[in-house]
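Engineer: Residue-level listing of the chains:
Protein chains: 2
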Amino acid sequence: MENFTVTPWEVNGSVDYDKLIKQFGTTRIDEKLRERMKKTCGDLHPMLKRDFVFSHRDLGAVLDDYEKGSGFFLYTGRGPSKSMHIGHIVPLLFTKWLQDKFKVNLYIEITDDEKFLYRKEYEWKDVQATAQQNILDIIAVGFDPERTFIFKDSEYVKNVYPLLMKTARKITASTVKAVFGFNDSTNIGLSFYPAYQVIPTFFEKKRCLIPAAIDQDPYWRVQRDVAEGLGYYKTAAIHTKFLPPLQGVSGKMSSSGGAETAILLTDDEKTVKNKINKYAFSGGQPTVEEHRRLGGNTDIDVPYQWLSILFEPDDLKLKKIQEDYRGGKLLTGEMKMLLIDKINTFLKEHHEKRKKAEKEIDKFMYTGSLAKTMWGKIHE
Amino acid sequence: MENFTVTPWEVNGSVDYDKLIKQFGTTRIDEKLRERMKKTCGDLHPMLKRDFVFSHRDLGAVLDDYEKGSGFFLYTGRGPSKSMHIGHIVPLLFTKWLQDKFKVNLYIEITDDEKFLYRKEYEWKDVQATAQQNILDIIAVGFDPERTFIFKDSEYVKNVYPLLMKTARKITASTVKAVFGFNDSTNIGLSFYPAYQVIPTFFEKKRCLIPAAIDQDPYWRVQRDVAEGLGYYKTAAIHTKFLPPLQGVSGKMSSSGGAETAILLTDDEKTVKNKINKYAFSGGQPTVEEHRRLGGNTDIDVPYQWLSILFEPDDLKLKKIQEDYRGGKLLTGEMKMLLIDKINTFLKEHHEKRKKAEKEIDKFMYTGSLAKTMWGKIHE
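The listed protein sequences derive, respectively, from chains A and B. Position 252 of the first sequence, counted from 1, bears residue number 265 in the working numbering, the numbering being contiguous throughout. Position 252 of the second sequence, counted from 1, bears residue number 265 in the working numbering, the numbering being contiguous throughout.
Just to be clear, a hint being listed does not mean it is correct.
Any copy, or any two copies together, can satisfy a pair, since identical chains are not distinguished.
Claimed, not checked - Distance condition first, Cα-Cα at most 30 Å in a straight line; then the derived DSSO-like pairs of lysine-lysine:
| hint | residue 1 | residue 2 |
| --- | --- | --- |
| 1 | K286 | K183 |
| 2 | K247 | K171 |
| 3 | K332 | K385 |
| 4 | K369 | K51 |
| 5 | K372 | K81 |
| 6 | K138 | K218 |
| 7 | K171 | K133 |
| 8 | K32 | K376 |
| 9 | K247 | K265 |
| 10 | K265 | K35 |
| 11 | K51 | K116 |
| 12 | K171 | K254 |
| 13 | K32 | K342 |
| 14 | K333 | K116 |
| 15 | K219 | K283 |
| 16 | K51 | K183 |
| 17 | K368 | K333 |
| 18 | K369 | K45 |
| 19 | K95 | K183 |
| 20 | K138 | K32 |
| 21 | K114 | K372 |
| 22 | K361 | K219 |
| 23 | K218 | K133 |
| 24 | K116 | K254 |
Calculated directly from the structure, the hints in this document are not laboratory data. These figures come from a predicted structure and were not determined experimentally.
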């Protein structure tokens, strides 16, 4: 029997996603829904096609609203972390695809408060510096600057405060204890915080769709309990799995877990090459001879998994890689080289876009069309 | 055996102030400290002289700081209530005296958030309207507009947010449960709120002195637990008793308790007269004959108590009233007339000052010297 834990702060063990769906009470994205998405969007994002985006709440209702013309909006977020890694950017890439397809507003909450409250050792000013760096990485993903509002909780709090109070008044201590595992030693900031993460789902009187990793779902459960009582929609959500860490296909990548688990967005070509060659868990055989004879196992091969989730959108090419590896034709070192090239190409582009992002920060946060509208609002 | 309850939200029964001092761990203001105040201030406010201002924390240290020239500042607050009554204004009058004597900055927190969070039936917009009305009554007390900053929690939250997070991170759920009697059914807004009430004690890197009724002291206990860990002073406090409600010298006046308990700041002359004559609990005898023979009891006579606490600053006059009443020379109706005249004179002046206050709101909240400085600050 396998054990695993998934909370907004911790992902451990080999996650059984079917069990998780049951545990969280979400719904699998089935073939029918996938087909509907394809029909609406023209094509399917590889993450959706390949079951990395695997679960949802009310996605059907979102598509209904879209078709009826009442529309919807997107919301996702980010807890500032010192070094963003490849895993962090995965839901953002999918979010960008959704924005491109549906041309809708997107709100990105930078949860500087939560990060600070959760980590006793963090200094406020460090979290702020980190947030600023993370925002550059987010902008580099390529969202629409006129339809995207990126805000830090600490900066935008005055604009949401009435709504925050209304929401907090509807959530009891027992709820956050049950949902998040808080207890009486939890600080009062952290146990209050879930109210804030709920707020952006109320930014428009339309249905909200949240693309995020499944570990954030407990917040949406709380949201769905209080939303209608406040005159808003229950939020919809679309969940990704976790990009496996370098050292094996269980748990979640972590930037604090050391060099052996993650590729950081700041890593240079040489670092990427070294990390993948040294740490990426391989599904290949111990010797070339055995590999040629028995073939590798793509199910547990981290380089293959990363190609599948993120770096090889071409289905035919991916299929060939899989067959060659399983058939012993493609060696472990070669599989790793494929990935290294892909990652380095991706990071090179990312670094360029990130440089340009410095000039775009103001648009996303203050002066763009959506941002400007948002700063003029007090949400009640 | 008498039972009584004193919390920030409830005062019931006949309060034994000596027991309360023990229970809260505060210190009685003794003759020596009173003398020192007199020496420093030139005279003593009647509330201080007559033991209505009766307890403190670190008042001696405040006077030390003042004498050394390092100074201190004042902080008090108000939870918006539909109709402010005479009892609400009592600590404010004493606060004004302190500001006049020491020429120090004063911060007045309008806790619109707390009021809303505590009362499930309140609408946000109603609390806002009420807050605006209360602010006029506060300004009418006559504070120094260049040295006083009045702010609503909801409006100033962005400026305090980093400090609020730092403070909240140091307070656990068990602490607020123990101190305020919260439990798991308490909403997460209310259990977070104590962090905000602590914040103004950190507005300057000087000692803070809080003049307030003793029911607010639990907040200062929490403050004193966390202050030094955050690099600030433990706050000092100076506590008033409760102005007795009309119907008898126990409990606390309440505007929601009905016409028979309180004189509202908006009451007109006739209403005051009717309320006092009809509801003010008298320590006199049932008949004029008995009263002439046995005399009245000023200890339980509400009109006398009000004169003593608030409306007859002249010691000689008050002494004469007491002697005449106890000796049966002054009748109950006459005592009540004395009070009615005093209250109506006070309210007439108050209504005039309140009218002028409308023009001063901006100064106290945004444009006065202290207010302006405060809006330019983010407290970290």
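Engineer: Each hint needs a verdict: does it hold in this structure or not?
Structural biologist: Checked hints:
Taking the closest pair of Cα atoms, K286 and K183 never come within 30 Å of each other, the shortest separation being 51 Å inside a single copy and 43 Å across copies. With identical chains, the CA atoms of K247 and K171 are at most 30 Å apart both within one copy (24 Å) and between copies (28 Å). Neither within a single protomer nor between protomers do K332 and K385 lie at most 30 Å apart by alpha-carbon distance, with minima of 46 Å and 66 Å respectively. In this homomeric assembly, K369 and K51 never come within 30 Å of each other (Cα to Cα): the closest approach is 32 Å inside a single copy and 67 Å across copies.
Within a single copy, K372 and K81 get their C-alpha atoms no closer than 37 Å, and across copies no closer than 52 Å, so neither meets the 30 Å cut-off. In this assembly of identical chains, K138 and K218 lie within 30 Å of each other by CA distance solely across copies; the values are 20 Å between and 35 Å within a copy. For a Cα distance limit of 30 Å, the shortest separation of K171 from K133 qualifies both inside one copy, at 25 Å, and across copies, at 22 Å. Taking the shortest alpha-carbon separations for K32 and K376, neither the intra-copy value of 42 Å nor the inter-copy value of 61 Å comes in at or below 30 Å.
In this assembly of identical chains, the alpha carbons of K247 and K265 lie at most 30 Å apart only when taken from the same copy (28 Å versus 43 Å across copies). When the C-alpha separation of K265 and K35 is checked against a cutoff of 30 Å, the pair qualifies only within one copy, where the shortest distance is 20 Å, while the shortest distance between copies is 53 Å. In this assembly of identical chains, the alpha carbons of K51 and K116 lie at most 30 Å apart only when taken from the same copy (16 Å versus 72 Å across copies). In this assembly of identical chains, K171 and K254 lie within 30 Å of each other by CA distance neither inside one copy nor across copies; the values are 34 Å within and 35 Å between.
Taking the shortest alpha-carbon separations for K32 and K342, neither the intra-copy value of 35 Å nor the inter-copy value of 86 Å comes in at or below 30 Å. In this assembly of identical chains, K333 and K116 lie within 30 Å of each other by CA distance neither inside one copy nor across copies; the values are 34 Å within and 82 Å between. Taking the shortest alpha-carbon separations for K219 and K283, neither the intra-copy value of 47 Å nor the inter-copy value of 54 Å comes in at or below 30 Å. In this assembly of identical chains, K51 and K183 lie within 30 Å of each other by CA distance neither inside one copy nor across copies; the values are 38 Å within and 50 Å between.
Taking CA atoms no more than 30 Å apart as the test, K368 paired with K333 passes in neither setting, with 36 Å inside one copy and 83 Å between copies. In this homomeric assembly, K369 and K45 never come within 30 Å of each other (Cα to Cα): the closest approach is 40 Å inside a single copy and 69 Å across copies. Proximity of K95 to K183 under the C-alpha cut-off of 30 Å is restricted to the inter-copy arrangement: shortest distance 23 Å between copies versus 34 Å within a copy. In this assembly of identical chains, the alpha carbons of K138 and K32 never lie at most 30 Å apart, being 40 Å within a copy and 45 Å across copies at closest.
Taking the closest pair of Cα atoms, K114 and K372 come within 30 Å of each other only inside a single copy of the chain (25 Å); across copies the shortest separation is 54 Å, beyond that limit. Proximity of K361 and K219 under a CA criterion of 30 Å is satisfied in neither setting, with 38 Å inside one chain copy and 52 Å between copies. Taking CA atoms no more than 30 Å apart as the test, K218 paired with K133 passes between copies only; the shortest distance there is 24 Å, against 37 Å inside one copy. Taking CA atoms no more than 30 Å apart as the test, K116 paired with K254 passes inside one copy only; the shortest distance there is 25 Å, against 62 Å between copies.
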